[in-house]
Amino acid sequence: MRIRVLRRIAQILTVFLIIAIPVLNKKGVTLITGTLYSLSVDGIWITDPLSGFQVIISSFSADRILLLSMVIPAALALAFGRVFCGWMCPQNAISEFFDYISRKIPPLPPFSKGGMGGFQIFNITPSAKPRYVIMFLLLVSAPLLGFPVANLISAPGIISVQVSKYFYEGIVGLELGLIGIIVISEVFIIRRGWCNYICPVGSFLGIFRFKRTMKVIYTEDSEHTCGGCMECVTACQLGLNPMEGRIYPLCHNCGDCIDICEKIKSRGKPLSFKF
Amino acid sequence: MNKKLLRPPGALAEIDFSAKCIRCGKCSQSCPYKSIKTATLLDGLTVMGTPFIKAREMPCYLCMKCPPVCPSGALDRKLKNKQDVRMGTARINKKQCLAWQGTLCRSCYQSCPVFDEAIKMDNELRPVVDEKKCVGCGICENVCPVEPAAIEVKAK
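From first to last, the protein sequence lines stand for chains A and B.
Residues 1129 to 1403 in the working numbering are what the first sequence lists, from first letter to last.
Residues 15 to 170 in the working numbering are what the second sequence lists, from first letter to last.
Hint data in this document are derived by calculation from the structure and do not stem from the laboratory.
A portion of the hints provided could be inaccurate.
[Unchecked claim] Some chain A residues close to chain B (C-beta under 8 Å, calculated; not the full set):
id : residue
1  : P1150
2  : G1162
3  : T1175
4  : V1183
5  : S1187
6  : G1274
7  : F1275
8  : N1279
9  : S1292
10 : K1293
11 : Y1296
12 : E1297
13 : L1302
14 : F1403
Given the structure is predicted, the values throughout are model-derived calculations rather than measurements.
We put the beta carbon where it would ideally sit given N, CA and C, even for glycine.
Work out the full structure, taking the sequences as your base and the hints as a guide.
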């Protein structure tokens, strides 16, 4: 279970940073400042590409510092895929947690559909189309309405900004309610629906992908044998089938499928990360 | 949202600011006086997440720490001199103002950071705002002893 341990560390570290940054800044420690929309780490600027892109298209101007600050997240996505979503996003961590909890509770009769446990009313095959339609509409409305519209539903950004607001002002905004709506809808309507079908942050990061981007590879040859146990499909919270191959851009490289495969097959596992 | 929000120093004109502000909250984190608040959903969809100042609660002391941290240029990062800040303009409500009503008071005059330039006392010792010099920091609004304040900053 090596990948999962690393991933949990990354997730905990991100949540820790979201809290520690405003707390330390308030005390005057300004080595790292900002939120998940835009961070600066000892003079290195890192900006969420979706927010940066919206600013560029709605203000019809490209600030040099803004452009440069989008390089690190874009490069990270180009190299490792949507690891921001799988390994860092606080919303993904929250969603994963509630998904785990909801699957520990035996489903009641009206919710017993779906076959894989859980309470969700709908059980649909994942598709990348809805999320790109949503992102396109949000990106078109940004210049029309004159502000970064997608930030209204950027869950990681909202979480991070509201945590900061809480430490500075002692209150949070109503927009934090979005997180509750996401959790409830994912537990009761569509499993991991927000991350799979809506989130514009993930959709935008999914654009930064090319042939050599890290991906989950299914190999079936003399050295790698698959017993067809389907545990990888069960392990995937996003409901993807890593044996199929067509899991991108939905897959955010969390590695849960690879981990479970390794647990079952001590050697010659067919699933692995490859560049 | 009817009333215009008072933006941090160096903010572009409202329409450009709204388009350029990435809503990251860095400027509020950089403010040592916690003057810069973050607008919420209840302040309006278009301003949600943007920074603003409630001068009556905590004005801007013009330390100029926020413009350089802005990642998108919604705050002019090159702005250094506090005299060049134009957040808004102070307006005096003469019916409320103690000095204009005949009581001696020079609270706003004395606390103005552009001292004796943005707010001057006229021959009858009444404060007068020079709109060309006023930076809009809101310190005058903050110190005004009258409730509600007789001098208020109107955002630009």
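Next item on the list: Go through the hint on A:P1150 and say holds or violated, using the shortest Cβ distance to chain B against 8 Å.
Entry: Holds - the Cβ of A:P1150 comes within 8 Å of chain B, reaching about 6 Å at its closest.
Check: Do the numbers back the hint for A:E1297, that is, is its least Cβ distance to chain B under 8 Å?
Finding: At 6 Å from the nearest chain B Cβ, A:E1297 passes the 8 Å test, so the hint holds.
Next item on the list: Using 8 Å as the Cβ threshold, decide whether A:L1302 counts as touching chain B.
Entry: holds (4 Å)
Margin query: A:N1279 was flagged as interface toward chain B. Is the shortest Cβ-Cβ separation under 8 Å?
Written below: holds (5 Å)
Note to self: Min Cβ distance, A:G1162 to chain B: is it shorter than 8 Å?
What the structure shows: holds (5 Å)
Next item on the list: Go through the hint on A:K1293 and say holds or violated, using the shortest Cβ distance to chain B against 8 Å.
Entry: holds (5 Å)
Margin query: Please check whether A:V1183 passes as an interface residue: C-beta within 8 Å of a C-beta belonging to chain B.
Written below: This interface hint holds because 5 Å falls under the 8 Å limit.
Notebook entry, point to check: Do the numbers back the hint for A:Y1296, that is, is its least Cβ distance to chain B under 8 Å?
Noted result: Holds. Min distance 6 Å.
Margin query: Let's test the interface hint: is any C-beta of chain B closer than 8 Å to that of A:F1275?
Written below: With a closest approach of 5 Å, the A:F1275 hint holds.
Check: Against chain B, is A:F1403 within 8 Å by beta-carbon distance?
Finding: violated (30 Å)
Notebook entry, point to check: Holds or violated: A:S1292 as interface residue toward chain B, Cβ cutoff 8 Å?
Noted result: A:S1292 check passes; min Cβ-Cβ to chain B is 5 Å, inside 8 Å.
Next item on the list: With a cut-off of 8 Å on the beta carbons, see whether A:G1274 makes it to chain B.
Entry: Holds. Min distance 5 Å.
Violated hint for the displayed structure: number 14, the only one.
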